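Asks: Those sequence lines, one after another, are chains A and B.
Under the numbering used here, residues 1 to 294 are what the first sequence spells out, in order.
Under the numbering used here, residues 295 to 717 are what the second sequence spells out, in order.
To be clear, the hints were calculated from the coordinates, so they are not data collected in a lab.
Since the model is a prediction, treat every value here as computed from it, not as a measurement.
Each residue gets a CB set at the ideal place from its N, CA and C atoms; glycine is no exception.
The reader is advised that the hints may include incorrect statements.
[Stated by the list, open to error] EDC-like, lysine to aspartate or glutamate: derived pairs with alpha carbons at most 16 angstroms apart:
(1) A:143 x A:117
(2) A:122 x B:576
(3) A:280 x A:125
(4) A:280 x B:576
(5) A:274 x A:84
(6) A:242 x A:214
[Stated by the list, open to error] Sample of chain A residues facing chain B (criterion: CB under 8 angstroms; computed from the structure):
(7) 38
(8) 129
(9) 161
(10) 163
(11) 183
(12) 184
(13) 191
(14) 198
(15) 202
(16) 203
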Amino acid sequence: MKPELTRRTFLCTLAGCAAAAATGGCGDITHTSFFRDNFRDLEKEELQQILAELEREHSKTYGKQVTVGAAQAQPGVEFGYALDLSRCVGCRRCVYGCVEENNQSRDPQIHWIRVLEMEQEKGIDFHHADAYYDPETVPEAGKFYVPVACQQCRNAPCVKSCPVGATWQEDDGIVVIDYDWCIGCRCCMSACPYGARHFNWATPDVPAEEMNPDTHILGNRPRMKGVVEKCTFCVHRVREGKYPRCVEVCPVGARKFGNLLDPQSEVRQILEHKRVVTLKSELNTRPRFYYFFG
Amino acid sequence: MPILQDLNAFARHSLRSATRGNRLYWLWMGLLGICIGVGIFSYLEQLDGGLIRTAMRDPVSWGFYIGNFTFLVGVAAAAVLLVIPAYVYHWKPIKEVVILGELLAISAIVMCALFVLVDVGRPDRVWHLMPGLGRLNVPSSLLGWDVLVLNAYLILNFVIVSYLLFSMFKGRKPRTAIFMPLVLLSIPAAVGIHTVTAFLYNGFAGRPFWNASILAPRFIASAFCSGPAVLLILMQLLRRFTRFEIQSSAIWKVAELMAYAMFLNLFLHGAEVFKEYYSDTEHLVHMQYMFQGIGEHRAIVPYMWLSVFCSITAFLLFLIPKTRRNPVTLNLGCVLIFSGVYIEKGMGLVIPGLTPDTLGEIYEYFPTWIEIGVAVGVFGIGAFIFTVLVKIATPIMLRASAGEASAEPGSGQPHRQRTTGQD
Numbered sequence: 001m002k003p004e005l006t007r008r009t010f011l012c013t014l015a016g017c018a019a020a021a022a023t024g025g026c027g028d029i030t031h032t033s034f035f036r037d038n039f040r041d042l043e044k045e046e047l048q049q050i051l052a053e054l055e056r057e058h059s060k061t062y063g064k065q066v067t068v069g070a071a072q073a074q075p076g077v078e079f080g081y082a083l084d085l086s087r088c089v090g091c092r093r094c095v096y097g098c099v100e101e102n103n104q105s106r107d108p109q110i111h112w113i114r115v116l117e118m119e120q121e122k123g124i125d126f127h128h129a130d131a132y133y134d135p136e137t138v139p140e141a142g143k144f145y146v147p148v149a150c151q152q153c154r155n156a157p158c159v160k161s162c163p164v165g166a167t168w169q170e171d172d173g174i175v176v177i178d179y180d181w182c183i184g185c186r187c188c189m190s191a192c193p194y195g196a197r198h199f200n201w202a203t204p205d206v207p208a209e210e211m212n213p214d215t216h217i218l219g220n221r222p223r224m225k226g227v228v229e230k231c232t233f234c235v236h237r238v239r240e241g242k243y244p245r246c247v248e249v250c251p252v253g254a255r256k257f258g259n260l261l262d263p264q265s266e267v268r269q270i271l272e273h274k275r276v277v278t279l280k281s282e283l284n285t286r287p288r289f290y291y292f293f294g
Numbered sequence: 295m296p297i298l299q300d301l302n303a304f305a306r307h308s309l310r311s312a313t314r315g316n317r318l319y320w321l322w323m324g325l326l327g328i329c330i331g332v333g334i335f336s337y338l339e340q341l342d343g344g345l346i347r348t349a350m351r352d353p354v355s356w357g358f359y360i361g362n363f364t365f366l367v368g369v370a371a372a373a374v375l376l377v378i379p380a381y382v383y384h385w386k387p388i389k390e391v392v393i394l395g396e397l398l399a400i401s402a403i404v405m406c407a408l409f410v411l412v413d414v415g416r417p418d419r420v421w422h423l424m425p426g427l428g429r430l431n432v433p434s435s436l437l438g439w440d441v442l443v444l445n446a447y448l449i450l451n452f453v454i455v456s457y458l459l460f461s462m463f464k465g466r467k468p469r470t471a472i473f474m475p476l477v478l479l480s481i482p483a484a485v486g487i488h489t490v491t492a493f494l495y496n497g498f499a500g501r502p503f504w505n506a507s508i509l510a511p512r513f514i515a516s517a518f519c520s521g522p523a524v525l526l527i528l529m530q531l532l533r534r535f536t537r538f539e540i541q542s543s544a545i546w547k548v549a550e551l552m553a554y555a556m557f558l559n560l561f562l563h564g565a566e567v568f569k570e571y572y573s574d575t576e577h578l579v580h581m582q583y584m585f586q587g588i589g590e591h592r593a594i595v596p597y598m599w600l601s602v603f604c605s606i607t608a609f610l611l612f613l614i615p616k617t618r619r620n621p622v623t624l625n626l627g628c629v630l631i632f633s634g635v636y637i638e639k640g641m642g643l644v645i646p647g648l649t650p651d652t653l654g655e656i657y658e659y660f661p662t663w664i665e666i667g668v669a670v671g672v673f674g675i676g677a678f679i680f681t682v683l684v685k686i687a688t689p690i691m692l693r694a695s696a697g698e699a700s701a702e703p704g705s706g707q708p709h710r711q712r713t714t715g716q717d
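The whole structure should be built from the sequences, with the hints applied where relevant.
Replies: Here's what the structure looks like:
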């Protein structure tokens, strides 16, 4: 072991004892999460140990075999998303599909996707949008719907603002969070122009029978109280060659996904043959999430 | 070693000063003890349930704690900036003004750190912020910068004050060559902590209410109002209860400078109000939420108008020579200016900045009793530290100035003509 690691481990132990004593109420400080390095500084063996420990812990908690993967970005892949606003009917199936797929807390409720109801007369106007629309049937006359989740910005304000480097952009463009490193300061939430980041104000509650056991360490594995989470384009699925869940559940085919670097991909075709817009382009966040009118 | 003996004597003397006092002192400390107890109880509740015990939610993810943090950075900065007029106007008790200002700065910075600590979701992980040990994300994160400059400022002030007091305690004249460079360094550092804190907000392009270049200058101007207000009251208290000498003219001069600072603050604020209302873009909603409310959402409107009222009244009280020289209106002005800036730069900065949120949702934030309890505790700790520090420093300063007076009997500076009350 390198000497600096020894010192670090020693200091962490000291700090750990102090913090554990001070935060007696925090029951969910596990050994792995407390003494761990930032994800990006982990040695290969350390990561394997952590994954195994997480799998054991979650399998026990949820009473089923949970896998925690750490699939890396593949070379030559940059993910992009395109959403057809003229098709979206505002049914929110993507929202609920996402909640199930990504183990979002049911109580308090966390939704990574928010569908905004807007008035056709006003166009895309957030200050007249309603996320809590609740009519008998959708779509309603005179309204259209804009689902918003993480825009996976190329110039991401959240990444820039994080004081501890707990969130970053992977090589395939997905912005991820290290849930074991986040200190819960919520700077990223102030920085995000799309309301895409969500905080665990209480211990998240996911019913064991509904828990999705196919997880990724930077994605949908169960989170803890006091950390921030967000859409990862279903990192556990897309790095295995599958579509994000929201793409699959959309009943009207409004959601398209693919590799921006592949000229044949559907999302690339849309960029070439349709006219697209990005949200709040004046902020120069340069999203990988495009909206178009098909 | 003699230095160790001296330090030992200094520590014993300090402990003795802090643990001896009259009934009023113990009553005050008891009150602070109760505040701290309330704070600890509330914080344990919050740790247990999570930040859901606060009124903060995803749309308004910062609230009362971060508002107090921001306000107190201003107090910390301006306490030291009082050194400048002390020099320019050749006030006699300049060392004393420096010391008191820095003691206030130390207490305020401790409160700042505590307000950040109670705000984070994972207090067990704050070591991630420590350079070397954790992974401090500088230069890109402004909160990262804030952690650095606030700690540097705390250390700087602590060193200066310890050196000055220790020298005085030893009966030595503090060596200007040692402490003056540090004092001079603390002035840009004070401006620095406040600028970095303003930039923390300023840098969020997605929050138009904060993303205004005028924010940092406004922060500095309003800090010049809030920090000295505390010191003015403190100086009067010391003058009354101890043999501490300070000219009334110095107090009046500070009040006058505060009036100019408040004018600048109101002017800068007015410039923003004009820009938003006249251009009438979608960015206006935040200011509308603040001053008029949006629909039935009017929770903070009365507070904002209260702040405007306090600030303007205090400005007038300090501007008119007659009222700034009258002890009643002077102290009233101090309280008003402190309250005005407390609202404007605390909740008045944070809440309208986040409401409506980036997708247009209006969530009405108002702190819960848990948040108020925790804040009472943090202020209790700050006041406790400040009281103890002042209690330790005062006898040392008095002894030193008495020594100086006897050493140079014929100096005859005007301040010494003032005879002050008994202990």
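Asks: Each of the hints needs a verdict: does it hold here or not?
Replies: Here's how the hints hold up against the structure:
Only pairs whose Cα atoms come within 16 angstroms are accepted, and residue 143 of chain A paired with residue 117 of chain A is accepted, the gap being roughly 7 angstroms. For the suggested pair residue 122 of chain A and residue 576 of chain B, the alpha carbons sit about 13 angstroms apart, so the restraint of at most 16 angstroms is met. For the suggested pair residue 280 of chain A and residue 125 of chain A, the alpha carbons sit about 10 angstroms apart, so the restraint of at most 16 angstroms is met. Simply put, residue 280 of chain A and residue 576 of chain B have alpha-carbon atoms about 13 angstroms apart, close enough for the 16 angstroms limit, and the pair holds.
Our distance criterion of 16 angstroms between C-alpha atoms is met by residue 274 of chain A and residue 84 of chain A, whose separation comes to about 10 angstroms. Among the hinted pairs, residue 242 of chain A with residue 214 of chain A is consistent with the structure: their alpha-carbon atoms are about 13 angstroms apart, no more than 16 angstroms. Of the supplied interface hints, the one on residue 38 of chain A holds, with its beta-carbon coming within about 5 angstroms of a beta-carbon of chain B, less than 8 angstroms. Checking residue 129 of chain A against chain B: minimum C-beta separation of about 5 angstroms stays under 8 angstroms; hint holds.
A least Cβ separation of about 6 angstroms between residue 161 of chain A and chain B falls short of the 8 angstroms threshold, and the interface hint therefore holds. Taking 8 angstroms as the C-beta cut-off, the interface hint given for residue 163 of chain A holds, the closest approach to chain B being about 4 angstroms. Here the hint on residue 183 of chain A is kept, as its CB sits about 5 angstroms from the closest CB of chain B, short of 8 angstroms. Restraint check, residue 184 of chain A versus chain B: the minimum CB separation of about 2 angstroms is within 8 angstroms; hint holds.
Of the supplied interface hints, the one on residue 191 of chain A holds, with its beta-carbon coming within about 5 angstroms of a beta-carbon of chain B, less than 8 angstroms. For residue 198 of chain A, the suggested interface contact is upheld, since its CB lies about 6 angstroms from the closest CB of chain B, less than 8 angstroms. For residue 202 of chain A, the interface hint holds, since its Cβ comes within 8 angstroms of a Cβ in chain B; the closest pair sits about 4 angstroms apart. Because the smallest distance between the Cβ of residue 203 of chain A and any Cβ of chain B comes to about 6 angstroms, under 8 angstroms, the interface hint for this residue holds.
Taken one by one, the earlier hints all hold for this structure without exception.
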